[in-house]
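**Q** Residue-level listing of the chains:
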Amino acid sequence: EAAVTQSPRNKVAVTGGKVTLSCNQTNNHNNMYWYRQDTGHGLRLIHYSYGAGSTEKGDIPDGYKASRPSQENFSLILELATPSQTSVYFCASSGTYLYFGAGTRLSVL
Amino acid sequence: GQQVQQSPASLVLQEGENAELQCNFSSTATQLQWFYQSPGGSLVSLLSNPSGTKHTGRLTSTTVTKERRSSLHISSSQTTDSGTYLCALGDSGYNKLTFGKGTVLLVSP
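Protein sequence lines correspond, in order, to chains R and L. Each residue of the first sequence is one higher than the one before, starting from 1 at the first, in our numbering. Each residue of the second sequence is one higher than the one before, starting from 1 at the first, in our numbering.
One chain only, chain R, in its complex shape:
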């Protein structure tokens, strides 16, 4: 069974602080993705990766960095968190289909 695990599941951060969202997959998939989901916008792609060492900008990359140190791990980094980054973040990996993690609810106060 394909598995994508995100941590933490919930996070409260202060404005200007650094936030790291982590994602681990045991599917041995090359491709991984970070999406955010907001009411009225649906899911939007922030960054994605084709494999270890690669990161690519998605549709809304501003204010976010990504890191793919290994096949299994893909992190999303908010260097200076802002309230507008309050959202639910989903990590996914893909072979033929996209497999999502359970999501991280981030609140930036």
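Hints listed in this document are in silico derivations from the structure and should not be mistaken for laboratory results. Some hints could be false.
[What the hints assert, rightly or not] Listed next, the in silico BS3-like pairs over lysine-lysine satisfying Cα-Cα at most 30 Å (straight line): (1) Lys57(R) <-> Lys96(L); (2) Lys18(R) <-> Lys57(R); (3) Lys18(R) <-> Lys96(L); (4) Lys57(R) <-> Lys101(L); (5) Lys11(R) <-> Lys101(L); (6) Lys54(L) <-> Lys66(L); (7) Lys65(R) <-> Lys18(R); (8) Lys101(L) <-> Lys65(R); (9) Lys96(L) <-> Lys65(R); (10) Lys96(L) <-> Lys66(L); (11) Lys11(R) <-> Lys96(L); (12) Lys101(L) <-> Lys54(L).
[Said to hold, decoys possible] What the simulated footprint calls covered on chain L by chain R, stretch by stretch (three residues with Cβ under 8 Å from a Cβ of chain R suffice, anywhere in the stretch; the number is not a length): (13) 33-42; (14) 97-104.
[As the list claims (entries may be wrong)] One-sided excerpt, in silico: chain L residues whose CB lies under 10 Å from chain R: (15) Gly1; (16) Gln6; (17) Leu47.
The structure presented is a predicted model; accordingly, all values stated were derived computationally and were not measured. A virtual CB, placed ideally from N, CA and C, is assigned to each residue, including glycine.
With chain R fixed as given, assemble chain L onto it according to the hints.
**A** Just chain L now, kept in the frame of chain R:
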């Protein structure tokens, strides 16, 4: 970029009725997938159907590429079908998908 419009925005059915969900998109794509998001937020891929008709269980998807539309038919709806149904398209071969805002389905007993 790709625009994805889903209709209706919401749908209320009695258990046993059929549901018809629509997805219209602005440009042709090589990938089209339907996803289900549970009321708790988890996301799962239902099926991939970039063209033609595809069946899986009580789900039937029909995509008419030249008319840039796809539908998802759910037969004999059950209360457990309640949730949000998302249509997503991509054209890169890497599952880099653009999502619609979804149709919220509520099935009452």
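**Q** Within 30 Å, alpha carbon to alpha carbon, are Lys96(L) and Lys65(R)?
**A** This hinted pair holds, its Cα atoms lying about 17 Å apart.
**Q** Check whether the Cα positions of Lys54(L) and Lys66(L) lie no farther apart than 30 Å.
**A** holds, 17 Å
**Q** Keeping to a limit of 30 Å between CA atoms, is the pair of Lys18(R) and Lys96(L) held or broken?
**A** holds, 27 Å
**Q** Run the distance test for Lys18(R) versus Lys57(R): straight-line Cα separation, threshold 30 Å.
**A** The given pair, whose Cα atoms are some 20 Å apart, holds under the 30 Å limit.
**Q** Apply the coverage criterion to the region 97-104 of chain L and chain R: a residue qualifies when its Cβ sits closer than 8 Å to a Cβ of the chain, and three qualifying residues are needed.
**A** It holds, with 6 qualifying residues against the three required.
**Q** For the hint on Leu47(L), just tell me whether its beta-carbon gets within less than 10 Å of chain R.
**A** This interface hint holds because 9 Å falls under the 10 Å limit.
**Q** Would you settle whether the hint for Gly1(L) is holds or violated, based on the nearest Cβ-Cβ distance to chain R being less than 10 Å?
**A** holds, 7 Å
**Q** Can you confirm whether the C-alpha distance between Lys65(R) and Lys18(R) stays at or below 30 Å?
**A** Since the Cα atoms of Lys65(R) and Lys18(R) sit roughly 11 Å apart, the hinted pair holds (cutoff 30 Å).
**Q** Against the 30 Å threshold, does the CA-CA distance of Lys101(L) and Lys65(R) hold or violate the hint?
**A** holds, 25 Å
**Q** Keeping to a limit of 30 Å between CA atoms, is the pair of Lys57(R) and Lys96(L) held or broken?
**A** holds, 11 Å
**Q** Could you grab the alpha-carbon distance between Lys11(R) and Lys101(L) and see if it respects the 30 Å cut-off?
**A** Given that 30 Å is the threshold and the Cα spacing comes to 25 Å, the pair holds.
**Q** Take the C-alpha atoms of Lys57(R) and Lys101(L), compute the straight-line distance between them, and say whether it is at most 30 Å.
**A** Status holds; Cα separation ~21 Å.
Of the numbered hints listed earlier, not one is contradicted by the structure.
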